[in-house]
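S.K.: The lines below spell out each chain.
2 protein chains.
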Amino acid sequence: MALTEEKAVASEGDQVKSKKQLKKEEKQSAKAIKKDQLKASNSSNNKEQESSEDVSTGKYGVMAMIQSSENMSSRVFVNVKNLMTALADNSVWIRGRLHTSRAKGKQCFMVVRQQQWSVQVLAVVSETISKQFIKFCSNISKESIVDIKGNVTKTPTKIDSCSQQDVELHIEELWVVSQAANQLPLLIEDASRPIKLDDDQDGLNIKVNQDTRLDNRVIDLRTPANQAIFRLEAAVCKLFRDILTDNGFVEIHTPKLINAPSEGGANVFTVSYFKGSAYLAQSPQLYKQMAIAADFDRVFTVGAVFRAEDSNTHRHLTEFVGLDMEMAFKYHYHEVIDVIGSTFTQMFKGLRDNYKTEIQEVCQQYQVEPFKFLDPPLKLEFPTAINLLREAGVDVGYEDDLSTPNEKLLGRLIKAKYDTDFYILDKYPLVVRPFYTMPDPESKVASNSYDMFMRGEEILSGAQRIHDPNFLTERAKHHGVDVEKIAAYIDAFRYGCPPHAGGGIGLERVVMLYLGLDNIRKTSMFPRDPKRLTP
Amino acid sequence: MALTEEKAVASEGDQVKSKKQLKKEEKQSAKAIKKDQLKASNSSNNKEQESSEDVSTGKYGVMAMIQSSENMSSRVFVNVKNLMTALADNSVWIRGRLHTSRAKGKQCFMVVRQQQWSVQVLAVVSETISKQFIKFCSNISKESIVDIKGNVTKTPTKIDSCSQQDVELHIEELWVVSQAANQLPLLIEDASRPIKLDDDQDGLNIKVNQDTRLDNRVIDLRTPANQAIFRLEAAVCKLFRDILTDNGFVEIHTPKLINAPSEGGANVFTVSYFKGSAYLAQSPQLYKQMAIAADFDRVFTVGAVFRAEDSNTHRHLTEFVGLDMEMAFKYHYHEVIDVIGSTFTQMFKGLRDNYKTEIQEVCQQYQVEPFKFLDPPLKLEFPTAINLLREAGVDVGYEDDLSTPNEKLLGRLIKAKYDTDFYILDKYPLVVRPFYTMPDPESKVASNSYDMFMRGEEILSGAQRIHDPNFLTERAKHHGVDVEKIAAYIDAFRYGCPPHAGGGIGLERVVMLYLGLDNIRKTSMFPRDPKRLTP
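Chains Y and A, in that order, give the protein sequences. Quick note, the numbering used here runs 265 ahead of the 1-based positions in the first sequence. Quick note, the numbering used here runs 265 ahead of the 1-based positions in the second sequence.
Think of the hints as simulated: they come from the structure by calculation, not from any bench.
Covered, in the sense of this in silico footprint (three residues per stretch, anywhere, with C-beta under 8 Å from a C-beta of chain A), are these stretches of chain Y:
(1) 405-417
(2) 435-444
(3) 493-503
(4) 555-565
(5) 589-602
(6) 702-708
Glycine residues also receive a C-beta, built at the ideal position from the N, C-alpha and C atoms.
Bound conformation, chain Y alone (with noise of 0.2 Å):
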């Protein structure tokens, strides 16, 4: 028996076989894999070791390890998602894993797979095709790399398991470019499996837990839908930036490494700084609002921010990218929330219409609803939403800030409501916000602030800031906060500095919610938190 089914049956038979059992049968095929691999290697050498002359010498093995020691360009390589009928009758050669090979007498069908893609691989003896090139293509690790050079054939029938379902290859030469280990600690084929609501009850399907996954990122990531949230993870990046660049916003990269905590003295990572000590950036905000004294006008930063928030939950990670950005305006703060508002809506659009794929391959795993939008965004008022709390029946006041919970109802009453998973509050009551936040000068208790919505989550918080350095020292005091430890803060006021206004976003925050994931980790490619710092 081939050393890949049986690791199927290792994997999907917790039933069937001890593990005992298993590991015995393991050493076993291991010997034998290698002991075959020695002899496809003897007969790729042209020597002959079966009893019957190998007619496909020359033309299957292990490769030397790839030196750049030739520049092998003539073969030239097409990419699996571009295997179709056009190209049918066609010799080609296409490098990807082997997914899955199943022998069955004469024949082995190979699934190789690329990224997202995948293709059938047919292998049958013949002429030109000797049995112990089967066995060769059969005795291959699953995940192991091969370059395989074959004939572009339609197929009667679709393909159902394979990305590529109108053509297979028919196989002329194969190489193996580099092996994987014989034990995988999972599968591909269990990490991709759809997740459905009634999966409990059907005992037969495997499931990867997360830690597994996570302590095996590398085979965890090669996923059809892992490939798919981190290219759609680049794209919130590219379109973040691109969506605020043509706007007159500049990027600027702001330390990380600090003097004193960026927001007191909670929740901040120490780091030794040779002598002495620094800190690790909790936000950019304060290196945004220099920027913006030092006349930048408008600004972005995208990167590394850190929290040392003992939080173990679905949506907190102790380091996570920060999209953030900032925006000098004329009078009115609301100049920055129809900004930042419309960064948001052109992005919806942008992954809507240009991402479809990626979404479609992250919905074949996960069930999703469709991520709904408004252009433009609604915008309500902080007592608006209070008043949708109370009418559902909710004991919340107009002063109180949201809890989770009670953000996460008023994003259901809100999609009922208005049928939009995205939305803006504005005017926050004071008392919740932080001391730089400018107070509404219309009202006794609201403040110039607003944090925005993703599926009933936060996923942007923001304010005008104050940037009078006399009332910004007024306003610290009164929040009993030491103006001596932030006289760096407002002293960077002091030599004229715009009313600004701007917001910090989590980018797998974005992610996750437009995707409606369940869980930050499946959009952090090597997540922090409080237990977790590998790999």
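Starting from the structure of chain Y, add chain A where the hints point.
M.R.: Here is chain A on its own, set in the frame of chain Y:
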């Protein structure tokens, strides 16, 4: 004497007045301006305080702090850079900083600056402009932000001191939006002054030393050269990302908090991580390579990189922005060198063609030779470089690494011979590269590694990495690296990994060397070195 004039004396004339004397005068004029502002405010409140009636009442004064209480959207603002003769005889609003003001009898000449652009504003006593208005104008502290309504007027002769040389504004209204402190730690005029080689012989030119600049970065960043430098830095990032994205690269984000030093224990910052410790990543290399092992094929990442190196040189920072990329290739790492080389060529073209103004603005302050490059870029093998140095009389061997002085000399030799400021050195000796570098199988001493240079300084280091876990283990042992400690790194390659190569670029170095600046602190907005953690 008006305060702004006082200030000029205080900064430019250390030879003339004692500090004590200046401080005294400061105080007196500070009192004077307060009094004047009070009068102006009052007069704008329609009260008559002066002996004569104020015909400009309601046309000038200090605005109340902008709290977004009204949306004065009827005021249409024009950017200073767009003030041209086509707008002559129109009344427009501008918002900018008071750069200078000089009162002369019944006139006040002001220069108002907006980012890199400036315009002259003229106030003359007339039927509608009162003496009090003129006095108010002349008393506004430099760097204050003002809203000015004025009539665009063609000037008979060009105004050399402003970017807008063909028009000036004849004042109609002036409102102070944000007042700067009377005492400025540095003057934009001084900080913007062209650096000439024979500067020192001319004692009249005040220079602002680097620490003063960095200590007061919100003011220093307002100089035209600095406005241009950081726009160019944003351009380098944008070009890097756009060029790579067009070439099929995916942007990824790699963690800065890691559980073990990425390049051995030296030069790494330690972080307190809950009850344990973490380290700050010295490079994203392992994570880029994991992304390749995870089938992303071509990736790049832009982010903070940390080096706890106690180097106080012109080109070392403890935190900088890394532009990193990694790419799988088919058979030869030159596939990757070609992509990186072409990325640089396209970047240099993009800067040259689309950022002329910014480059020129830097050149107006710093004497810079234009950056020269070849297309395709010059690529030399390491021994060729050694020969060039030996021919120039340097005693250096074929397996020696290049010292910094030798790199610089080589840069000059290559510039003289090939007329290029950018070049690639391929095939570094294996002994001077890290254990994970792929040896050149054709040579006993060379490796598949390369550095890239701008004006004789290294800006990229890269190589084909070893993608085979067994060979990687062997090489690590050969280098005396504790294999246990890098187990996670080696394990990343156990499940199949294509051959790959890549490199890392320091953003600040690229900008510094492209512009020919002499210190990396000029191209880091808020630089970090062993002695500087603020602002």
